[in-house]
Amino acid sequence: MEKIELKALLSESPVHRGSLLPILREVNEAFGYVSEEAVDEIAEYLNLTANQVFGVLSFYSELRTRPPGEKTIKFCVGPACYLKGIDKIERAFEENLGTRVGETTADGRFTLEPTHCNGTCAQSPMIYVDDTIYGQVKAEDARKILEEWQK
Amino acid sequence: MKAFEDLQARAKVTWEAVSKTGKTRIIMGAATCGRAAGALKTLEAVRAEVARQGLEAQVETTGCIGLCYEEPLVDIIKPGGPRVSYGRVTADKVPGLLEEVLVTGGQAQEMVLGAHTSDGTGLPSFFDQPFFLGQERRLMARCGLIDPNNLAHYIANGGYATLDKALSSMNPDEVIAEVKTSCIRGRGGAAYPTGQKWEQCRAARGSPKYIICNADEGDPGVFADRTVLEGDPHAVIEGMIIASYAVGSDTGFIYIRAEYPLATEILLQALQQAREQGLLGKNILGSDHSFDIEIRQGAGSYVAGESSAQMSSIEGLRAMPRLKRPRSVEKGLWGNPTSMNNVETFANIPHIVKNGGAWYASMGTERSKGTKVFSLSGHIVRTGVVEVPFGTPLGKVILEMGGGAPHGWVKGVLPGGPAGGVISAELFDSPIDIDGFDKLGAMVGSGGFTAFDDRTCILELARYCAAFMADESCDRCSTCRAGSQRLRDYLSCLDEGKGTLQDLPKLKGLCDVLKNNSHCGLGQTAPNAAMTGLKFFRQEFEDHITKKLCPARNT
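Here the protein sequences come in this chain order: A and B. So for the first sequence, our numbering puts the first residue at 7; every next one is plus one. So for the second sequence, our numbering puts the first residue at 22; every next one is plus one.
One chain only, chain B, in its complex shape:
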């Protein structure tokens, strides 16, 4: 549409003014992970040093490219040269770095990570580091490279063109058909097919209809969504607008957790910019479609990540889940048809609608299509965020990209925080697959792997997981309220060597009760760590009981 062509032309001018500036560009990774490592102090030092040395340089900020372990991360692009990344640039190292790279023309060997494109200067290639080999970066493609606070950067790099395509040349049914063909399943944990959800919501009777973006990312140790929101917020917003067009909704909400103040600030600004440019509000890009988005912040509740609990939270009630009949697509927020999807699901939508569902479905395993963003944390060398195709062996992600454990060896991982169960390193050949992980008793969940090393006691870890779930239970159903507490205490006793072998079937029985009888996903997944721990590390449980010792701690 004409409105979009104008917008695109203006964005290109802005982008070229930044990217083809003729000056040296110094770009600072300033996402939350960078800031926690001191990025703002580094930024201040960069500005001060540029002024002090009178350097002809333009200082910019960007999101996180995924290498959280190398933060604070600084990129330098000299006129006509490649983008070169430098890691662990704390404020005290700034004068030395700028002096060496910009004045004396050195390479800053102790900080340089590599050049993004080859230029024959002999620098290593940034994207040939083990961390990147095997990644397929779609949602992460712009993260760490564009300024998330500048809409023009997104548009000049392909953004909102798919929305324009959908509004100008596709009807809502055609959009839904592409999403169905892609076979994308929700990325929040439940893995429900997105296309089907939209189709049901579109068909449901009731008005207005709502679109909700679940940005609660409650599973601790998981920060895939935060990285996308802080690095490329408009991708999520574009996905939501396309969803609203497909479903027939004029009102959307982004529910974001209280612990993500920076992502919230970036989103608020992105929404405002989108409104100013006619991408949100009445008659988007001159079409008949109108849609706007409000932000709702959580206030510290794990269970608010559950869909019905989140809707209750937006309505001003306690965030307590309800039974799923009727389903939210029929009666959701304020009793109206509602389609709730995860951040990462929305960010995938522009790719699907742009390239077609068949293109999307060509990557992945039989029933898990496309790519998945995973955060890596815990006892792992390279903590950060990777994006890999489904079907990638788990061990490749943990041992090759993540670099294994800093001390000893990786004994296993928690996929998706305390709710996802544990997966033993013996199963690292398993491809990452939603149904495959389910069969192991674990889950792909929301997309994070927290690695634990050989000195980690599996009973203590399972107790931690049960204790977390007990604390976060909404306490509505007694199965979850009492069951998760009992599970925690049971594991404590076994860890202290107070059990007998007859306790193991009883423990399994308690887990089954929680799994089968809890009201919602929280109680149902609360025993996952204990159950998978017992399944993969039974000998360790028995040693605690019969030998009164913990093989991991040697006590």
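Isolated chain A, as found in the complex:
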């Protein structure tokens, strides 16, 4: 199934090295990550080596090489969020979930990730759960936010 979807997705892109990053973004979005099989498939399609594809894949922080959890919680690394104590919020989520930023919970429910600034600093400190933005978060909100998504 995944292979058929991937082939369909690839067939829409021009065979040109410049298509590599757009393809990796699309695959990452469609499947949550870029698997080793997908790397081989993309390499073959663009007449590149798997190494060349993996070199680009591993460079960008939004592209994943491992499947994420069901929900991804992202913490902004920008200075406004830093000044307003994002580290305490990260720790609260880490303690609640028994995992660390950069990892996925053992039950596969949540992945914690750092993310770059999206420029909504008026709402700092901010986190995302998938595409939902939570602004002006406090450490004690962690449990409540997690409960919302554990339902």
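To be clear, the hints were calculated from the coordinates, so they are not data collected in a lab. Careful: at least some of the hints might be erroneous.
Sample of chain B residues at the chain A side, in silico, Cβ under 7 Å [said to hold, decoys possible]:
1) Thr35
2) Trp36
3) Ala57
4) Cys89
5) Tyr90
6) Ser322
7) Gly337
8) Gly399
9) Phe473
Remember, it's a predicted structure, so these values are computed and weren't measured experimentally. Glycine included, every Cβ here is placed at the ideal spot set by N, Cα and C.
With the hints as your guide, set chain B onto chain A.
Chain B only, in chain A's frame:
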């Protein structure tokens, strides 16, 4: 040209149908900053309430006018009345607001921010708030007032007339001459004179030539470009088309960061509308000039904001910077002459070509001309976006427009994210000036000030900046890869009170190595926060060492 006159006439009809509707207009700020504060829920509530109360009202959306701290922001224009803005209108407040303003005729005192034009109703003037006093709004003039998703709004408010003027009555050399006379310097951080860049690219041999709009806005805490892209996207596109005509390019790219999905969506739509109306594509507005623009999205990389790294990224390579010989204007994207400019630079171009370079150069300081858009964030009361002339004192922006710190006092600012160094509040009299900030060891950079208050430890802040740069190093050169990590760890040790006074010259030495020997701007600017921190707050460094305490944290 005839093609443009027709387009303008049609746009005016569309605009008047919206602006002179005879119904009440309710306009919602729906940029990313508004959405983060719940603007979409407010919008939903407005629509539901209009239907429930059976109000004769037209509900519209717009970009951000700059008052991010007052989001969600709602404007109401009653027939024949002024535009009145209301702040912090969360969804639960919508029924009360609409009831009071539209039914009982009250002013909604607890939410009203002011009327955009005076009408004798005794409402405060919106633009007389401290946030706006001293601003010179050119790039921000339409932001928050027009619908960014509607090309007709842009055209009816003066848009694309300058492109028409350039294509119909100026040759490319004349366009470049005006841009050179304006003395505008690139707004992305490097501050290279735009006119010279275009001239060199035009003169360079090679075809095709490329125009790239750098919309990566990688410096965290900076959101000036996002505000312009989400509020007035066609201004940037118009600037790019004029650039393509001046340089002789038929292909352009906008490289936008992965973290800006809404700006990307708005741009894609704007490009499509421009294509449909003959503003992009073959024979633009019936002229001989052809040009089109593609969007390329980043995927989470700070260094991809560096010009050569960005070109590598578009080519499908790792976003690693290269040495600048040859320069991109000679051999850039795919080895062809390429002119890359920042979002804000492009948005300035229609103003320059319309009013002339001399007009533009009449505002600003000796070597920094025009206005600059700055985002305000961090420990500041009024987080948002302001546009001020160069030469405005830094303190005026931070303390008067920004309102200072919510608790305690502002100790300093990070200009341009973790790469820009720190500027102490003692230097708030300094005019905002590219070369003046350079002399302080900081930089105007891409246009953001992140304020920090008196409880912020300068060593910890410098460590944060070094850690950010270490994480984002592309790791090509060992100076930056190892140097930025060493700097981070060094600052950690000093913060923990483990240093001696002999460490301070050593720290300075490490900073010098990074600054002088790194391959690209990332490594060269990585020590800025540590160096300026040491320069402006030396006593705080010494207290950590000799007294084993942090004066900011009192521990």
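Checked hints:
{"no.": "1", "hint": "Thr35", "verdict": "violated (30 Å)"}
{"no.": "2", "hint": "Trp36", "verdict": "violated (29 Å)"}
{"no.": "3", "hint": "Ala57", "verdict": "holds (4 Å)"}
{"no.": "4", "hint": "Cys89", "verdict": "holds (4 Å)"}
{"no.": "5", "hint": "Tyr90", "verdict": "holds (5 Å)"}
{"no.": "6", "hint": "Ser322", "verdict": "holds (5 Å)"}
{"no.": "7", "hint": "Gly337", "verdict": "holds (4 Å)"}
{"no.": "8", "hint": "Gly399", "verdict": "holds (5 Å)"}
{"no.": "9", "hint": "Phe473", "verdict": "holds (6 Å)"}
Of the numbered hints stated above, those contradicted by the structure are hints 1, 2, listed in ascending order.
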